[in-house]
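Please take these sequences and the hints and turn them into a complete structure.
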Amino acid sequence: DVKVTQSSRYLVKRTGEKVFLECVQDMDHENMFWYRQDPGLGLRLIYFSYDVKMKEKGDIPEGYSVSREKKERFSLILESASTNQTSMYLCASFGSSYEQYFGPGTRLTVT
Amino acid sequence: RKEVEQDPGPFNVPEGATVAFNCTYSNSASQSFFWYRQDCRKEPKLLMSVYSSGNEDGRFTAQLNRASQYISLLIRDSKLSDSATYLCVVNEGGGSQGNLIFGKGTKLSVKP
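As they're listed, the protein sequences go chains A and B. According to the numbering used here, the first sequence is numbered sequentially starting from 1. According to the numbering used here, the second sequence is numbered sequentially starting from 112.
Mixed in with the good hints there might be a few duds.
Far from chain A, some chain B residues (derived; all Cβ distances over 10 Å) [what the hints assert, rightly or not]:
#, residue
1, G127
2, N138
3, A178
4, S183
5, K190
6, L191
7, S220
Not close to chain A: a few residues of chain B, all C-beta gaps over 10 Å, as computed [what the hints assert, rightly or not]:
#, residue
8, S139
9, S160
10, S163
11, N166
12, Q174
13, K222
A few chain A residues that face chain B, going by a derived Cβ cut-off under 7 Å, partial list only [as the list claims (entries may be wrong)]:
#, residue
14, F20
15, P39
16, L43
17, V52
18, P104
19, G105
Keep in mind that the hints were calculated from the coordinates and are not lab data. Only a predicted model underlies this, so the values are computations on that prediction, with no experimental measurement involved. Note that CB positions come from ideal geometry on N, CA and C, so glycine has one too.
Right, here's the structure in full:
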């Protein structure tokens with residue numbers, strides 16, 4: 001069974017803090033993604049990566065950066081958290097069957 | 112950015128009912144299509160792919176109409192456990208996974 005894990009289910013951070021969200025997949029997938037999901041806005045793509053050390057901006061990259069040093073790990077970084085980054089963050093990896101496998105999500109609250 | 116549109120619902124139906132969701136997409140070059148299911152406070156999971164010829168998986172039937180650019184999902188004999196949000200997903204193709212476009216979802220609530 002494909003497994004995508006995220007480092008935290010719930011996280012509370014203060015405005016201005018640097019935040020790291022970690023995602024690990026165990027299926028040797030090349031493509032990995034970070035989304036945020038907000039009520040009424042659906043899933044929005046922040047960044048994706050199709051190979052180690054490669055990254056591409058999604059629809060809403062502002063305020064975020066990513067790191068892909070190893071194939072199985074894709075990290076999302078909030079350099080200076082703001083309250084409008086309070087959201088559910090979902091990591092996904094992609095296999096050859098065109099199915100995206102999602103992690104359980106991290107609910108981040110920035111106060 | 113190309114769009115995928117869904118009726119947000121909620122669709123409130125009794126157990127045993129048949130319910131249908133539609134989804135429209137704007138990019139005629141889209142290549143593959145999916146329905147995902149998302150339970151409350153959980154991650155989305157693939158429900159089924161949608162093929163040009165239509166496909167069925169138990170009580171679920173998916174149809175694709177390329178000419179009209181819409182996808183449908185039919186659920187027969189609804190169960191309480193079908194209550195969830197159903198996401199329409201379109202792959203615009205080109206091999207890059209940045210081309211997966213998610214609809215905002217249709218909420219289904221099945222009542223006893």
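Do the hints match the structure? See the list:
1. G127: holds (30 Å)
2. N138: holds (15 Å)
3. A178: Non-interface label on A178 of chain B holds, nearest chain A Cβ at 23 Å vs cutoff 10 Å.
4. S183: S183 of chain B clear of chain A: closest Cβ-Cβ about 19 Å, beyond 10 Å.
5. K190: holds (23 Å)
6. L191: holds (23 Å)
7. S220: The claim stands: S220 of chain B keeps its Cβ more than 10 Å from every Cβ of chain A (closest is about 16 Å).
8. S139: At roughly 19 Å from the nearest Cβ of chain A, S139 of chain B sits farther out than 10 Å, so the non-interface label holds.
9. S160: violated (7 Å)
10. S163: For S163 of chain B, whose nearest Cβ neighbour in chain A is about 15 Å away, the distance exceeds 10 Å, so it holds.
11. N166: holds (14 Å)
12. Q174: Answer for Q174 of chain B: holds, closest chain A Cβ roughly 18 Å.
13. K222: With a cut-off of 10 Å, K222 of chain B remains clear of chain A, as the shortest Cβ separation is near 22 Å.
14. F20: violated (20 Å)
15. P39: violated (9 Å)
16. L43: Since chain B brings a Cβ to about 4 Å from L43 of chain A, closer than 7 Å, the hint holds.
17. V52: Constraint on V52 of chain A not satisfied, violated at 15 Å.
18. P104: Status holds, d = 6 Å.
19. G105: holds (5 Å)
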